[in-house]
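Undergrad: Those sequence lines, one after another, are chains V and S.
Residue 502 in the UniProt record's numbering is what sits at position 502 of the first sequence, and the numbering runs on without skipping anything.
Residue 17 in the UniProt record's numbering is what sits at position 17 of the second sequence, and the numbering runs on without skipping anything.
I should point out that these hints are in silico values taken from the structure, not numbers from a laboratory.
A quick note: this is a predicted structure, and the numbers were derived from the prediction, not measured.
Keep in mind that the hints are not guaranteed to be accurate.
[Claimed, not checked] List time: in silico DSS-like cross-link candidates among lysine-lysine, alpha-carbon distance up to 25 Å: (1) Lys88/S with Lys10/V; (2) Lys22/S with Lys5/V; (3) Lys440/V with Lys501/V.
Listed here are the chains, written in short residue letters.
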Amino acid sequence: MGKKKFIDKKKSATFQLLARDSSDPNYSDSPGSDRVFVRVDNNPVSFDTIFDEDNNCYNDCQYDNEDSIFADAPNDNGDSGDDYDRVLGSSSHMVVNDKGALPENVRKEILELGFPDDGYNYLIHLREIRNTGGGSAFYHNPKFKPDQLPHDVKAYDASRVQISNSKGNYNEKSIYSVASNTLNARMNKVFDPEVAALLDDSDLLRFGSDVEDLEEDFVVRANTGEEGEGDESGKKLNFVEEFEFIDASVKNADTKSGNQEIANEVRNYQGEEKPRSRRLLDEQFDMLELKEYGSDDDDDDCEGYMAEEEEFLADNLKNVLNENDMDDLEHDDVYKAPADLLHGSKSPKSKELTADIMRRCAEYAENYENESEDEKVMVVQESSDESEQFDCESIISTYSTLDNHPGKIEAPGVTRKKKLAETVSGALSAKSQVISLRGKEKLPLDFLPNSRKAAAEKVKIACSIIPEQHKRKQHGQETKEEKKERKLAIKKERSEARKMKKAMKELYRSETQQAQKVAAISGPSAIRLM
Amino acid sequence: MTYAPMKPTKPGYEEPHEQIRKIRITLCSKNVKNLEKVCSDLIQAAKAKAIRVKGPVRIPTKVLRITRKAPCGEGTNTWDIYELRIHKRLIDLYSTPDVVKQVTSITMEPGVQVEVTIVDV
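Input sequences plus hints: build the corresponding full structure.
TA: Below is the structure:
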């Protein structure tokens, strides 16, 4: 309101005192140079004071001070606007100072664009980008920062790691001493110029190979000795090794079908070559194959055969590649099946051969398809084979816990057998041919070990019933004593009967327990005996 | 207010950054103690350099308050108030920026923000 301010904000330059980035070469720990003044306003005031520090590191300060609170902020329009909205030539706010150096804002812009700060105004050569017709439109994408790291990534220049300056002793803490002595130079642009040059280098001719223009079948050619024997053996070895390696790796995967698949492929390949004359080797090979397919034994045998087969494979491959059957290989661009060969060829011998091939192919295909079932069978056999060899542990493991219960392990029942023998002999001799099953559980009573007692008691009862019967006939003329006696006798009888019944019950229970024990071992648990 | 003798200037040979300018140092902080310490340090240093200093002007503290319902208790009087106090001090100098740089190169307390505004003359 008319009061004269001490400082007119619009005509002044404002600097903030901020901590200097430790990667700055001017950094030191003294209070004087661990902070730096950073201009924070955008007033059109040119200010060439010591507050801006050295001219050269002005922009370094700008860029290094990303610890400032403004580091995360998106660029104001003013800054990014400067990139492409620059006014050409001299503007109203440019002030040329006494030295003749470029004005501050011009210098700032030049440095921002990446040009060196040597006093020359490069901006006069730059054109402002405007979308005014005549060509492609330029869309300024503020999020596009070429070669810049995203903010959450920090790259450090490892050339500043000072390993030699660490204090001598190589203990475990040496990494920390190295780290503490290191000045980290944080880099915004990650690419080394040399690396970038290499990346851009599309002219890689200097890495080209001397051997040019290989034929398509250079492998075969090499193997057939056109290039010389040395190459041939070397390449063959490689080829064979590859096959062996493939076989080994397949073996390790432990699938029989895989082995056979590869073996099949190989054999099919072999089968196509059969039109040439058969040799002893071929016969042996076929024998081996038949053996392998004929009996699906354990893997050990199979693997043994596979190993042998590999050797034959190697030999056969060698032979195949040695022979001049390249014509056959070419097939004149026509796919020839064995059937075609059969029909095409005139000589009976070749016909026979091709017929043989076809038969064998069919056989192999059949075996290949059926082999999965064979696998299952094989597994079952193996387990039963193993069970023939018992050792103590395995024997015990076959017992159920009913038997193996510590408290119930008993000596085998010798006495029981004796009793059984007695009862059986007794019963057989006494009774008729039919074995009677009595009681709730339908047990053959007479054959039970404890049944002799029961049988004797029954006889006793039978005997005792008879005298009582002819006592009862004197119903009307009984004296009191006789009546009492009779009653007593009856009571006795009944108590005896009761005792008998109880004994029988116990007997039955024990017998069923024994029977259940036996059934538990041998029979299925669905049968309930008690 | 101190009236220190002005530095003798040589007209014609004077470099721009040696001119005596009006310089305002603004100190902001959340805690008073550090702020006052830095303030007094600055003033002492400035006086030692014999420049005109206008003593620390204390701008009224800005208190930013947040009120929330307290997690414990029911009813009207169960509120939590959180506040943040911002203290500001101004120091005006009449000196060359050179000197000011030396003055400000003192140990700084943490949490004190220093801004220097120089009027362009």
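Undergrad: Hints first: check each against the structure and report whether it holds.
TA: Hints, one by one, checked against the model:
1. For a cut-off of 25 Å, the pair hint linking Lys88/S to Lys10/V stands: about 21 Å separates their Cα positions.
2. Among the hinted pairs, Lys22/S with Lys5/V is consistent with the structure: their alpha-carbon atoms are about 11 Å apart, no more than 25 Å.
3. With a CA separation close to 13 Å, the supplied pair Lys440/V and Lys501/V stays within the 25 Å bound.
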